[in-house]
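With the hints as your guide, set chain V onto chain D.
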Amino acid sequence: MNFQQIELANGLTIIGEHNPQAKSLALGYFVRSGARDELEGESGVSHFLEHMLFKGSDNIGALEINREFDDIGAKSNAFTSEEVTCYYGAVLPEQQARLTGLLSQMMRPALRQSDFDTEKGVILEEIQMYQDQPDIVLYDALRPLYYGHHPSGQSILGTLESIIALTREQMLDYYRRRYAPNNLILAVAGAYDWQALLEQVTLLTKDWQPAEIGRLYPNHQPRQVNEAHFAEQFHQAYIGMMAPGVAIQDPRRYGADILAEIIGDDENSRLYWALVDTGLAETASLGHSPEDQSGHYSATLVCDSEQAELVLAKAQAVLQSVQADGVTAAELSRFQRKLAVSTVLRGETPYGRLFPFALDYLDNREYVSLETTVERIMAVTLQDLNDLLALRPFDTMTVLSLRPSSALL
Amino acid sequence: MIYSHHFPNGLVLVAEAQPWQAGVSFEFLVPAGAAFEPLPGAATVLDSWCQRGAGEYDSQALQNAFDSLGLQRDNGAGVQYQNFSGALLAGDLPAALALYGDLLLRPHLDEAELEPCIELAHQDLDGLEDAPADKLFVALRAGFYQSRHGVSALGSHQGLAELTPELLRHDHAARVVPGGTLLALAGRFDWPALLAQVEQHFGDWQGQGQLLGAPVTRQGFYQHISDESAQVQIGLMYPAPAPTSRDWYPYSLAMTALSGGFASRLMTEVREKRGLVYSVSASPAPVRGGGALQVYAGTAPERAQQTLDVLAAEFDRLSLGLEAGELERARVGLMTSLVMSQESTSARARGLLRDWQLFERFRSLDEVKQGLEQVTLGEVNDFLARYHFRDPAIMTLGPVELDATAFGIAKGAAA
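Chains as they are written, first to last, in our numbering: chain D, 1 to 409; chain V, 1001 to 1415.
Please keep in mind that the hints were generated in silico from the structure rather than gathered at the bench. In this text the structure is predicted, and so the values were computed from the model without any measurement. Be careful, since some hints might not be right.
Unchecked claim - Below, in silico cross-link-like pairs of lysine-lysine (DSBU-like), each with a Cα-Cα straight-line distance of 35 Å or less:
(1) D/23 to D/75
(2) D/23 to D/206
(3) V/1273 to D/120
(4) D/206 to D/75
(5) V/1369 to D/75
(6) V/1273 to D/75
(7) V/1273 to D/314
(8) V/1135 to D/75
(9) V/1273 to V/1369
(10) D/120 to V/1369
(11) D/206 to D/120
(12) V/1273 to V/1135
(13) D/23 to V/1369
The following block holds chain D by itself, in its conformation from the complex (with noise of 0.2 Å):
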């Protein structure tokens, strides 16, 4: 694997991991710009953005766009997280230049009137397809009475309210501040041509104008939230935690991610082992999400809701007991283990290496190889996991229940 980067005149960065092995190459657009950009009477913009992207530019429609990467064979999509908007397919190397027009001209879109109206219904779709899937559900409530009015609180989809209110001149005026080449990067990994790449973006983005770009980092304190929503249309409870964890910028997030494993992986941890095992809790999983300056840790335990008080308090005793006692060199070897294969086996298509080598590079500017990724794996200390418990990052938790019956709030 050989790492390749350029910064353009425009500010754009394109990126590359080679590999002369793969029989085919994926490339994204990574906009380091998400639902915690979006400003007030905004919500939802982001991730409609992505969607209208795929309507086309002055020169291609919406038709067009998705025949012509049909016509390449491209396996493509896009997505928008609260820090990050990523348009991406992987085709195989002789259509390097169409995949690349294509996405790039994508990224200068027409948002014409007859598009955004046709594309809210699909948008209005989406929201009421997620009011159906009680953990997107229970997410979506957490998350802001996690962060209160920090940015990283704010809502990916918006709401029905929100995304009815919003006009084209508000999406306008959003891609004017966040599309900027200099807040973007091109990525590509696997079997592609570099020189040629250069030269065609080059010429494609010649006209991209850079424009100064900020994201608000105000300052976040974890309170301890303690709530119960009715949620009349589920029939299970679902029941959300999250508490302060570390940041992707900080070397301590492979220690937070292996330390999340031991607590709460979904076949083998301290959570499973007290609530999945025993029959009380369908699912009691812990995972850790490093994000841009900041970062947390995120529990989910679904069960009969009948037990929920139950299972709650058993799950915050295996939190405290971790915190308290520590955790083994024997739990730490076995994860470290475990995580290192995984990102081996993930590594073995372009595809699955676009996202980790690109999502690095984002806010770290850093290159991050495979080999290297693994090395910081293994290389984390029992120390270093008691030196994050001794954080106490499980005092400060924000927990939201959402219950079928009022009776039982």
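The following block gives chain V in isolation, referenced to the frame of chain D:
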């Protein structure tokens, strides 16, 4: 290069070499799914009970042993099979096979561990109430198949309540057997050594499993399940060509044109032009000896009727055939997936499994490529004109009931 071996006890081993990979992916399919289970839910409970201690390991020691190998794993019960899949670094494969030997042949099936397994199965079944699309398809498959292909591995509360240790131990002895079991594997391995390891750990295993015959289906009806969900879930099932039929490649290409890509007909007509849905799809769901096409759309109550009517119009239009560009896009999409699957150990292991389930043999990538390349537009359009997708089984779930007359079906009617 694909290697395969049939052991005398009925176990089939198939392995595709990808010597450049660091890892290996594998999956066991054991013919102990829900189709022939003694009580509804037995297969799911047995599957999780087997995980709770085997050979010299108690429940926790077994999971520790798996994790010490860095094994990424999954298991579950389906209609025909219980499946056990794993992926890890190539050097650890022999140790993993030894552990799976314990898991499949020597599970403790300790009575004290059974109750939590049953309790979790009850909760899984309750969870279906909170997953409207899954709930719809459990009901639709049960209505569409008159044969056992329509059973749900989630079982029933009553079935789960009646399970006993004796019944499940007997079921394990009768159905977790090598006859009808496949071990498929892809990645880096040494074939002679692999053969010897599989022989060592599974050679003494005995017994013959039962496999489903060709499916029997029922179609031409519409049923509605009332539910207070935000969206209306729409599901359709059509009988479709069997994998071994001469129509298989034309059918696969036609369905990719219908629903496989961004520019496919359903995406274009239902989502792009009309903004009726976020999700719409038509997916082939073949079984051995038979085909089925599963169609799904999720939409708000006020758009649901129009969505159903547009689906009807698209299935009518299908019989008029594809345009040349549509066929070529479908072909490029499938060919690209085929090439990309060679980069991934898990994709190739799944490809081998699927071939065995559907074709009872293993197709090389070249054979599949040739199959796709040779199909002409005339052949696809001849198939669509002749086959004519009509009279589906239709079910909806949600706050409003729909009118299926666009499909020529009155409510509750059954052909």
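Consistency of the hints with the structure:
no., hint, result
1, D/23 to D/75, "holds, 14 Å"
2, D/23 to D/206, "holds, 30 Å"
3, V/1273 to D/120, "holds, 12 Å"
4, D/206 to D/75, "holds, 27 Å"
5, V/1369 to D/75, "holds, 18 Å"
6, V/1273 to D/75, "holds, 22 Å"
7, V/1273 to D/314, "violated, 51 Å"
8, V/1135 to D/75, "holds, 29 Å"
9, V/1273 to V/1369, "holds, 33 Å"
10, D/120 to V/1369, "violated, 40 Å"
11, D/206 to D/120, "holds, 32 Å"
12, V/1273 to V/1135, "holds, 29 Å"
13, D/23 to V/1369, "holds, 16 Å"
The earlier numbered hints that this structure contradicts are 7, 10.
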